[in-house]
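Can you build the whole structure from these sequences, using the hints too?
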Amino acid sequence: MRQRDPRLRMPISRRQLLAAAGGLAAAAAAPAVSGCTITKGQPPIDTMGLGKDAASAPGGGKRKHNITMYSLWGSTVGQGLVNVARDFEKTHTDIGVRIVFAPTNGSTQQKLLTAVAGHEPPDVAQLVPLQTPQWAAMGIMTDLTPWFERDGLSLDDFFAPAVEAMTYNDRVYNLNWDADPNFPFFWNKKIFEDAGLDPDTPPKTIDEVDEYSAKILQRKGQRVTRIGMVPWDIYGSSNSLFTWGFAFGGKFRKPGSDAVTPDDEYVVKALEWMCDSAKKVGGPDAVSISPPSLTLHPFSTGNLAMAPLVAPNLRDIIDAKPDMEIGSGLLPYQPPGGTHVGQGAWIGGWSAFIPRYAKEPEAAWEFIKWWSASDEGTMSSWKHVGFPVSYKKSSSLQLMKKDPVMGPYYDTLVNSSNTRPPVLVADYYTAQLDDQISKAVYGQVKPLQAMRNVKENTMTELRRLQKELMGR
Amino acid sequence: MTTISVRRPVRRRTPLWPRIAEKIVSHAVLIVLSVAFLIPLYWMVSGALKTTQDLNAFPVIWFPDTLTLENYIYGLDVFPFLRYYFNTAIICVFSMIGAAFSSAMVAYGISRIQWRMRTPLFVIILGSMMIPFYVTMVPLFKIFRSLHWIDTYLPLIVPHFFGVPFFVFLLRQFFLSIPGELSESARIDGANEWSIFVRVILPLAKPALAAVALFQFLASWNDLLGPLIYLSDTNHYTVSQGLTFFQGQYSTQFGPLMAASTLVVIPVIIVFFFAQRTFIQGITLTGVKG
Amino acid sequence: MATRTMTSATSATTGRRRRTKSPMRNQNVKWGLIFTSPAIVGLLMFTAYPVLMSLYYSFTSRTMVGDISHWVGWQNFRDLLHDGLFKQSLWNTGYIIVLSVPIGIVVAVFLAVLLNLKVRGQSVYRVIFFLPSIMPIVATAVIWSYVFNPQYGVLNNLLGYVGIDGPAWLSSPDWAKPALIILATWGVGNLMVIMLAGLQDVPVELHDQAKVDGASTWSRFRHVTIPFISPHLLFALVTGLIAGFQYFTPVYVLTGGTGSPAGSTMVSSLYLYQNAFTFFKVGYASAMAWILFVITAIVAIATFKWVGKRVYYGGR
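Protein chains in written order, with the numbering used here: chain U, 1 to 472; chain L, 1 to 290; chain H, 1 to 316.
These aren't lab readings, by the way, just hints derived from the structure by calculation. Treat the numbers as computed from the prediction; the structure is a model and nothing was measured. Hints may be right or wrong, so weigh each one.
[Claimed, not checked] Which residues of chain U face chain H? A partial, calculated answer using Cβ under 7 Å: (1) T108; (2) M138; (3) I140; (4) D434; (5) D435; (6) S438; (7) Q444; (8) E468.
[Claimed, not checked] If the Cβ cut is set under 8 Å, some of the chain H residues that face chain U in the computed set are: (9) T60; (10) T63; (11) V65; (12) H70; (13) Q151; (14) D165; (15) S171; (16) G257; (17) T258; (18) G259; (19) A262; (20) G263.
The C-beta atom is built at its ideal place from N, Cα and C for all residues, glycine as well.
Spelled out as structure tokens, the structure:
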């Protein structure tokens, strides 16, 4: 039996059409019928249209010099950078800045690396401070020292930890524009009260943290429903160990060299404490306190008593939960290796560099210099993006000190002396740490052994790379 | 083996109860499965309509009292929808046409024509699918750069006109199921391979071709890596890139992201809904003679 | 005339080929080349150079930006054999493939058969099942992170209703991979559509004849349906295996690409990506890619040999 040629049929039968229309009407009417209200609502923040006008420089890219910069961020930060570029263009009329939105694939700058490897890079790009030695050694970054000296800049104008990451082998390779102080210490005053603790006295040492946590801990069956602190997950495994390792007084590399020391006595002690904290509550999988949407940090749930927080997260929490009373101070430390509160803090953030093969390096330098090392540039960055700057002479620092949200970050910023180890194989080192720390926290390997594994693998890779660079 | 005679036996009426039971069971199963498949989607749609407060509330609010359009307003402001729809549509339509046509050609060549090189060629084509893309990405980028195709849509469209291995494989399987007699009788009638391809095989493979077109459309619509690497002008971005605008440094703007995602998904749903018939119903391949 | 002989069905399985005469053969070669010319040109233009380069790189110590590169022979491959993380990544990949591919095929076929019945609202159901595979990955990742949330997530809530205390899914080394497999199964819409298209080729008359002969539903499925969709089952199997070895994006967006928790989600392509784009060890990553290629090829060939033999092609 031959079937009717389907081409003669309507793509959709009338019956289907009626059914679909009915369904849509029902769906539209349902909210009204069920009694919920529909509001037009106010858009939450400034909506200047990141996608719509980010790209073009005024004058349609027809200025004398036009540079491209890769921005890694969407949302408010991305929009902020667009505004920073606009401010730059107002005072530098011969340079146009085009911001290209190039989000990271996870934590890898996919687009940038492909572009550089393919010899089509932007004029300005970003990197994380600890990547400096490797990227410089690989020839990804242009040496900025000639311009730096020519324009009379001095490394003393920047905070010391930032300087450590801006230079390699005594040459300047990038300028730091975001000196992320990681971290101040925050606590939920109400939980303290509930647990019988003084809401205005935070723990000063790690031992005190443990005492407080013991009083705060609450469970429901197997699950932990309220916990003092989650030390093994402060924005990733390796970042957690860096923070507590520094707080215990540990060192992650031999000063002035590329040799790594994850098996440093105090680093291992810090890891042991992290693993014990997890074991005490029944393992990391017993703790589930993250909020339903991914917009807020678990601290917002009111079930996490103490946490180090980054500024954007803190800001969001304050906006979303204005009734929460949050105490702020410096990170606890652990004697005998640690000697003072706040010792655990390290400067992270982002730096701007000029990739090799960039077409307009001079103009790019003008932009970077203005952005990171001038009062107007750093003020613009502070105003639009809101990140702390590392340029000591910036008047934004005074604003930061008085800012209700950023105040704690100011203290951490000016007192900080650590940065994550900028060794030649920093990314490899960090990845090894992530892997082994996670395994240790889940009880698959002992802390000391884990750190020994990291050291062995990293040193092997270091030696290999050093041989490579010296031409074998 | 016996030949079935033309007169088919009268269909015996099967008893009523088993038929009703079968219908109830199949409906029940379908409904249960649908709910399971729909839950994440419901989360997307409801998330798009929730206020920021409700999004962050816990215990989780399944049916919010207040619906809001603020996520859509914000999302549409950040994300130039119409322009990105248009951009993506251009890429999709051309890729679709190229992929369907060229893959059909190549599949025909390795399945309906008897020649020695057809199996080695199939093996090579299949092999090219097995190499992880990330290692060939940079050399490929260099090729496109030397052609001056960077920051255009060409790297995203042109390669599809040379046969897409996945579709070549898919169509090969379909073509192999078409009885050889159909081709033979056309050959005997004096037709050359090209007209057999166009007049005999393609019409019979319409369901498969429609599926190929649909898949390519989807692949291009949701592709993120390609546009990310090759495009730099924000005005030329695609819808999938637009969605990344909502990812900040430490958090994602959940509400607006869900709103934008629903807008991104709707055209595809519409296309699929109307295109279903084309590739589900088709002329039965076997059972037609002459 | 709507006659159909069973004889043609059986002779098809023996696949006899007719001997062609010499001029015919030349004609065939000519037409073969014409039809496959797009693929040949495409392979030469876009595939050959990158593939050959990556093969060359695998014997060097090349880094991302490329100026530093030395010939190292088989050293990369030797290092890979001793690389614990690489071995773990192979195990993780294998685990996911062995579970998700068969489950995916079974679910896809099941759904396709279900949708092929004459049920009311067929087209709506098809859209519902197909929807997951068309959602943008950015949104999917965010939604499923929520679904798998140990405390508030949908999955554990549902399990709670039946009295099961759900695991920590993506936070648990033992349950992270099963979570990924569940996510993969949710996205079988693509495969379902292909199977559905394939089911249209199953001759209704054979089913009716079998019903008349008194065959049970399962028996009909096994002896009528499966042979006719076997080419597509083979397709699903082979492409599923190939895709499994390159499984990347969902893992990356759901777990951040560090293999957490405890390295349980470090799959091969993720480790490869990390080596190429984070450590810049392009030579090493290329060697890894070629090892993966060889493994994939072996698995694909084995599949063609074992399963391919039993595939029934209606046309031959």
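The hint names H:T63 as touching chain U; please verify it with the least Cβ-Cβ distance against 8 Å.
holds, 6 Å
Hint check, H:H70 versus chain U [nearest Cβ-Cβ separation less than 8 Å]
holds, 5 Å
Is the shortest C-beta separation between H:T60 and chain U less than 8 Å?
With a minimum Cβ separation of about 10 Å from chain U (threshold 8 Å), the hint on H:T60 is violated.
Does the interface hint hold: is H:Q151 within less than 8 Å of chain U, judged Cβ to Cβ?
holds, 4 Å
Should the interface hint for H:A262 be scored as holding, given a Cβ-Cβ cut-off of 8 Å against chain U?
holds, 4 Å
Report holds or violated for the interface hint on H:D165, using the least CB-CB distance to chain U and a cut-off of 8 Å.
holds, 6 Å
U:T108 as chain H interface residue, shortest Cβ-Cβ below 7 Å:
holds, 5 Å
Is the hint on H:G259 kept, meaning its closest Cβ partner in chain U is under 8 Å away?
holds, 6 Å
With a cut-off of 7 Å, does the beta carbon of U:D434 approach a beta carbon of chain H closely enough for the hint to hold?
For U:D434, the interface hint holds, since the closest Cβ of chain H sits about 5 Å away, which is under 7 Å.
Hint status (Cβ of U:Q444 to nearest Cβ of chain H, threshold 7 Å)
The hint holds - U:Q444 has a Cβ within 7 Å of chain H, the shortest such distance being about 6 Å.
Does the interface hint hold: is U:E468 within less than 7 Å of chain H, judged Cβ to Cβ?
holds, 6 Å
Taking the least C-beta to C-beta distance, is H:G263 closer than 8 Å to chain U?
This hint holds: H:G263 lies near chain U, its Cβ roughly 5 Å from the closest one there, short of 8 Å.
Hint compliance for this structure: hint 9 alone is broken.
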